[in-house]
Every structure is written in C-alpha cells, then in structure tokens.
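Colleague: Next come the chains, spelled out residue by residue.
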Amino acid sequence: MIKVENLTKVYGGETVLNIPALTITKGESFGLVGNNGAGKTTFFRLILDLIRANSGTVLSKDIASASSEHWKDYTGSYLDEGFLIDYLTPEEYFQFVGKINQLAQQEIDEFMISFSDFFNNEILGKKKYIRDLSKGNQKKIGISAAIMTKPEILILDEPFSSLDPTTQFRLKKLLKELQVETQMTMLISSHDLNHVTEVCKRIVVLHNGDIVHDLATSKDTLADLEAYFAVQ
Amino acid sequence: MIKWFIQHQWKQEIRSSIWQKNVALNIVIGFFMVIMMLYLLLLGVFLDRILEDVVKDANADITLSKILIYYFIFTFLMRFFLQSLPAMEIIPYLHLRIKRSTIGWFILFKSLSSFFNFIPFLLFMPFALGYMTEEFSGFQAFVWFSSIFLFELTSNFKLIYFKRKFTLNPKLILLLIGGIALLVALDKFDLFSISEISLWYFTQLNTNWLWVLLPLISTIFFVFWNLSMIRKNSYLDDLSPKKTEGENLSAKLNLLQNFGKTGELILGEVKLILRNKRSKSVAFLIPFFLLYGLFFYPQDMYEDAMGILVFVGIFVTGGFLIAYGQYLMAWESTHFDFILSSNIGIQDYFKAKYFLLVIPTLILYVFTIPYMYFGMKIFWINFAALFYNIGVNAPLLLFMASFNKKRMDLSKGAMMNYQGVGVNNFVLVIPLLAVPALIYWPVSVFFGFVPAVLTLGGLGVFGLLFNQSLIKMAVNNFNKKRYQIAEGYRQKG
Chain P
242 MIKVENLTKV
252 YGGETVLNIP
262 ALTITKGESF
272 GLVGNNGAGK
282 TTFFRLILDL
292 IRANSGTVLS
302 KDIASASSEH
312 WKDYTGSYLD
322 EGFLIDYLTP
332 EEYFQFVGKI
342 NQLAQQEIDE
352 FMISFSDFFN
362 NEILGKKKYI
372 RDLSKGNQKK
382 IGISAAIMTK
392 PEILILDEPF
402 SSLDPTTQFR
412 LKKLLKELQV
422 ETQMTMLISS
432 HDLNHVTEVC
442 KRIVVLHNGD
452 IVHDLATSKD
462 TLADLEAYFA
472 VQ
Chain W
802 MIKWFIQHQW
812 KQEIRSSIWQ
822 KNVALNIVIG
832 FFMVIMMLYL
842 LLLGVFLDRI
852 LEDVVKDANA
862 DITLSKILIY
872 YFIFTFLMRF
882 FLQSLPAMEI
892 IPYLHLRIKR
902 STIGWFILFK
912 SLSSFFNFIP
922 FLLFMPFALG
932 YMTEEFSGFQ
942 AFVWFSSIFL
952 FELTSNFKLI
962 YFKRKFTLNP
972 KLILLLIGGI
982 ALLVALDKFD
992 LFSISEISLW
1002 YFTQLNTNWL
1012 WVLLPLISTI
1022 FFVFWNLSMI
1032 RKNSYLDDLS
1042 PKKTEGENLS
1052 AKLNLLQNFG
1062 KTGELILGEV
1072 KLILRNKRSK
1082 SVAFLIPFFL
1092 LYGLFFYPQD
1102 MYEDAMGILV
1112 FVGIFVTGGF
1122 LIAYGQYLMA
1132 WESTHFDFIL
1142 SSNIGIQDYF
1152 KAKYFLLVIP
1162 TLILYVFTIP
1172 YMYFGMKIFW
1182 INFAALFYNI
1192 GVNAPLLLFM
1202 ASFNKKRMDL
1212 SKGAMMNYQG
1222 VGVNNFVLVI
1232 PLLAVPALIY
1242 WPVSVFFGFV
1252 PAVLTLGGLG
1262 VFGLLFNQSL
1272 IKMAVNNFNK
1282 KRYQIAEGYR
1292 QKG
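Top to bottom, those sequences are chains P and W.
Going by our numbering, the first residue of the first sequence is number 242, and it counts up by one from there.
Going by our numbering, the first residue of the second sequence is number 802, and it counts up by one from there.
If you're looking for bench data, these hints aren't it; they were derived computationally from the structure.
Honestly, I wouldn't trust all of these hints.
Unchecked claim - Here are the computed lysine-lysine pairs in the BS3-like style, where the Cα-Cα straight-line distance is at most 27 Å:
1) W:K1282 - P:K302
2) P:K413 - P:K460
3) P:K267 - P:K460
4) P:K302 - W:K1062
5) P:K413 - P:K376
6) P:K369 - W:K966
7) P:K369 - W:K1081
8) P:K302 - W:K1281
For clarity, every value in this text was computed on a predicted model and none was experimentally measured.
So here's chain P without its partners, still in its complex pose (with noise of 0.2 Å):
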C-alpha cells in the first residue's frame, strides 16, 4: 500500500528522517513511537507530501505521492491544527469535506449520527465555530473528518494526546472495529505506549530519524517498548 524508498529530510545541516526502505501492506496497523525529535511528524508529512523529501520517494499504491494527487482519494489524515479550518462550525466543516470527497448528504449525516457518543454532546449543534473549542473537541473533529471518508490509509499523529480518557477507549474501540470492518490501512504515531501497542499490530520505532525497531506486536511488545524507552 505505502512503501518507501531511500527517503531522507535533512533540516539545516541535520538528517532529521532517514528511511532506506519500508514497506506498510494492505490493512496493516502500523504504530510509529519514538521521542520528541525522532522525525515521526516528518515521517508522516512526508506521506502526505507536505515537505520536499531530501531524497527518494514515497509510493502510495505504486504512485509517487509527490507526482500525483491520486492519494488524495482514498488517505484520510490528521496531523494538527492546521488541517481544521477554525472560523466553520463542525457541522460545515464536516459538510465541507464530505462534500470534496463526494459524499451524498444522507452519507454525511448517517456519520454525524453514528458518532454521537464520541462527541460526547460537546461538538453538534453548539453553533460554535471549531477556533472556539477547546484543544481536546478540535482534535476530536479533525480526527473523526479524517476517519468519515471511509478512506484506505488513515494517518493520525497522536490522536489520543489531549483527549480525554472515556474518549481515547473510545477511539481505540473504533479504530480496531475500523480494522476488522474495512480493512483499513493505518499509520498511528503516539506517545502512550499502552495505547499504541493495543491498536497496532505492528510498532516501528524511530531514533533522530532512524528506524531502531521494527517489531509485530506481542504480549511482550509492551514491556519491550517500556524497557528501550526507560533507558533512553
């Protein structure tokens, strides 16, 4: 589904990412930790073609993702803030990028129904616009915008950071759900190890921009995990 080859992001002098080949199949969980640093962000932008690779390129479906705008069509993301448009309330945003990606509004609506509960009755019909909101509710919209597509890759950086307990059970619930039901590919960075070692059935960690594991989730990974990290 994704592979990479030789890709590399040097920022001033210093090779943040350097990936000489990785490969993500077809309905693979793939969960990417590392410290703040280690270029889990680069990584992801570059998938999205945000930033100019340094070096090499990113396939998506055998299309360089640089190249062509193919991607667009079936990757839903969510990096940060910059992916909301803050002065719309939820309903429009919501509105707007089903309608890009060419749902029919009984579609969009069918979504906003069916994720009710995650919303907790703080995002619908508050007549907010999403610059209003807190941290947590923004991230909750852009999480669940990228998730409504029904896309084939679904790529989020952190997405349980900042939300609040009840709701990162509920997301990790969906998200596996989402697996099993769709076959969806997902690409999750995270810092909460327990949470990431649950959703993901594979975990690569990265170093100041290197791959140092790459490991298929065990009863063990966790501990493993726990032990790299601590004495880091």
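Since chain P is already given, all that's left is putting chain W on it; use the hints.
Modeller: Only chain W this time, still in chain P's reference frame:
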C-alpha cells in the same frame, strides 16, 4: 517592575519576525511614515497662513480655536479605528507575583506610544512657537499647546475605556457618523454650535491660564478610571477575544453547493471572508474603493492625462480583486496543510479562486455604472477596465499568489496591519494598476480614444477566452513552489 515591562516590550518589538526577516518592507513602510510626518510638519509650519487664507476676515488663532473641537472628535474616531488595545499582552503576567495596579499602569503607559499622541507636536507645536508666541506670549503659547496635548491624552485614555466597552460593528460606525453629521448640521444652521464652545474655551485660556486644568483634570480622571477598570476586569474571560456570534448570511448561500467541488470551495471562502476580522475589514473597504473615482472624475485636470483614468478605472472596478487577490492563498494559510492533503484537486482549487475574484468584480462593476454622469468616456474606460481586470489581472493574481509565502493571522484588523505582508505585495500592485494605463496611453495618443479602449478591452476578452490555459499556468507555477509555500504558511508569528 516597569523596567521589566519596558524591556519585554522592546524585545517583543525587535524580535517580531516582521522586523527581523523583512528589511525591505520596513524601508517601504518607514518611507511612507516619514513622508506622512513631513506632510504633517509642513502643514503645521504653514498652518497660520493657510488658516488666514481660507478664512480671510478672522485671525488664525480664532479660526483654529473654532475647528479644534472637530479635530479632537476626528482624532478620537481615527483612534477608534486604528489604535489597538494593549490587553492581550498582559495575560502572561497575570499569574505572576505582580500587582494588578502595576499591570494597569503598564497598559496605560504603553498606550502613550500611539502615533496620535505625537501628532500635536508636528501639527500644533510650530503654530505655538511661531504664531502664538508672536501674537500673545511665550507663556500663553506654552499653555495653549499644553492644553491641546492634554486634550489628546484625555482622548487617548478615554479610548482605552471605550474600546473595552464597544466592539467595532457597522451599526456603531453608522451611529457615529450620523452623530457627527448632526453636529455639523446644527453648527451650520446656527442651532447649536460646538465650534463656539471651542472658541469660548480657548479665548478663556488665553486670558486665564488656569483653564488648562480642565484637560489636565479630565486626563487624570480617565487615568484613574481606567486603573480601577483594569483592576476589576483583568480576568482571562474579559481579556480573551469575544466569542464570535453566529453568522448566517453565508449559510444562505447553499445554492453554491449545486456547483460541485468548486461551488463548495467558494462557499467555504465566503465564510472565511465574513467570519474573520482581517478579511472582514477588507470587505468594509470596498465602498471606499468604489468612491475613489469621486476624487478624480470631477477634476478637469485629469481629463487629458487619460492614462490616469484607466488607472482609476482599474482600481474602481477591481478594488476587491486587488485587495483580496493579493493574498489569494495566504488567507487560508492557517489550514493550508488541509488544503494540500485533502481531496481537493489543485486545479479545482485554483478555479474556485478564479471565480472568487471574478464574480465580486462583476457585481461591483454594476455600482460603477453611475460614473457615466461624468461622461461616456469614463463609462467606456471602466467597461474596458472591467474586462481587463477579469481577463488579465485575475489570472495574473492567481499566478502571483505562489510568490506569497507569509502566514497571515486573520484575527487582527487590516488597518495598519503589516503582518503577513511582504514587499512583493507592494510591487505586485504596480503591474496590476500601471500596466493597463501604459498600454492604453500610447495607443490613445497615436490612434485615438476608440482603438485604445478596444485594445484594453480586447486584451481582457483574449484573457477570458484563454482562461483555462492561464489557470493551468498558475497551477504549474504553484506546483513548483508548493513545498516552500506550505512551509512558509506553517511559520507562526
């Protein structure tokens, strides 16, 4: 403590990225500032002669005394529009071990740096030193000037109170303008004359210096009034920007949704314009762009220099196009990553931008038709200018948009706001306005009026016919620069 405040203030100024990154822009702005100050100073130096020339049967000081009250009203209004309230900046200090009264003094102290407080020194100081010293005495001139300066300070501190109480909205503006018109009318028809009050006060001042206490006391009053206000109201929920009221106009434009992705994008952008302070203040300027013609058309001297009329025509019909189009993509800089990564084709995106420039221009054109009153020539020139604007200038703006890489903060007003502005914004205006005039002028000199207008309009029609390929060119240019643009838009502050 005040020492720290001043130090932080100074650091904030010199470390603001506009200063550090953009020397050329500072030179341009600095140049305009110096020119403006020179004008004010020149006006000040010749004020006595100008006044005696305009009102021949009265001494300059009498005439000036009569109009000073209007001056104070005028500067107060200008302050209302332009002077910002130093409120947000105190938030980081609230939880520290600093007395609220100290913070209050700091806010008041800081407001003194407003440009309006310096205008009396340029405009009235020369008059005090020259005319007043000669006609009266050095002491009286000093008292006279102090009184004017203190009145300005009163209005400075009064403004802090007013700005906290009222937010700028169209109703308030109309009310203010109406109130002033009423005062002028009452004065004109000798029903109630505020200029006589003004004259009376300054006459008293010249005989008894103690009258200077009036503005002094009012200044002190407003200082302490503000201090108690600040002490009582410095809580986060008072300081943070007001929650925006719902805006429903754009929700009614649902019709646009029938036009697919492009329609959806246009609808989104209409919401952007109506719901953000900065874009809204650009929209408020539109009537002024339209009225711009009134400065030029009644004057015969421009009748012959016809290049000027094209310049005016482009501006009048394309005011919105130029003001909005300059920042075409920068308006969306805060969510530009979304634009790039979501399922919006760049081609569709640019097409929506194109319509967003063209449709309002067509609507605004209708309002310029009455300029026909000043002659059919003006009508035809404006008609050709309309075509030039939508045929040539609109695609040109799409193309130039990729050169603007500055993130724009939409939550601040547009007046005197240079955040997100680069030198290229000043440079860009030149080809937009001057090139059509330069095309028109030689043709009109050698071949006459009709061929010149046809050339101008023809270029526009030509551009309209090929608009697809022109948009394509803009898209290609964008694709080459998109990473730099996105990176630039991510840089805050």
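Colleague: Now tell me if each hint is right for this structure.
Modeller: Now for the hints, and whether the structure bears them out:
1. For a cut-off of 27 Å, the pair hint linking K1282 (chain W) to K302 (chain P) stands: about 25 Å separates their Cα positions.
2. Restraint check: the Cα-Cα separation between K413 (chain P) and K460 (chain P) comes to about 17 Å, which is no more than 27 Å; the hinted pair holds.
3. About 23 Å separates the Cα atoms of K267 (chain P) and K460 (chain P), which keeps this hinted pair within 27 Å; it holds.
4. Taking the CA atoms of K302 (chain P) and K1062 (chain W), the gap is near 25 Å; set against the 27 Å cutoff, the hint holds.
5. This hinted pair checks out: K413 (chain P) and K376 (chain P) have alpha carbons roughly 19 Å apart, not beyond 27 Å.
6. Proximity of K369 (chain P) to K966 (chain W) is assessed by CA-CA distance (about 23 Å); at most 27 Å being required, the pair is judged to hold.
7. Note on K369 (chain P) and K1081 (chain W): the hinted pairing holds, with a Cα-Cα distance of about 19 Å set against a maximum of 27 Å.
8. Restraint check for K302 (chain P) and K1281 (chain W): the C-alpha separation of about 23 Å stays at or below 27 Å, so the hint holds.
The structure shown violates none of the earlier numbered hints.
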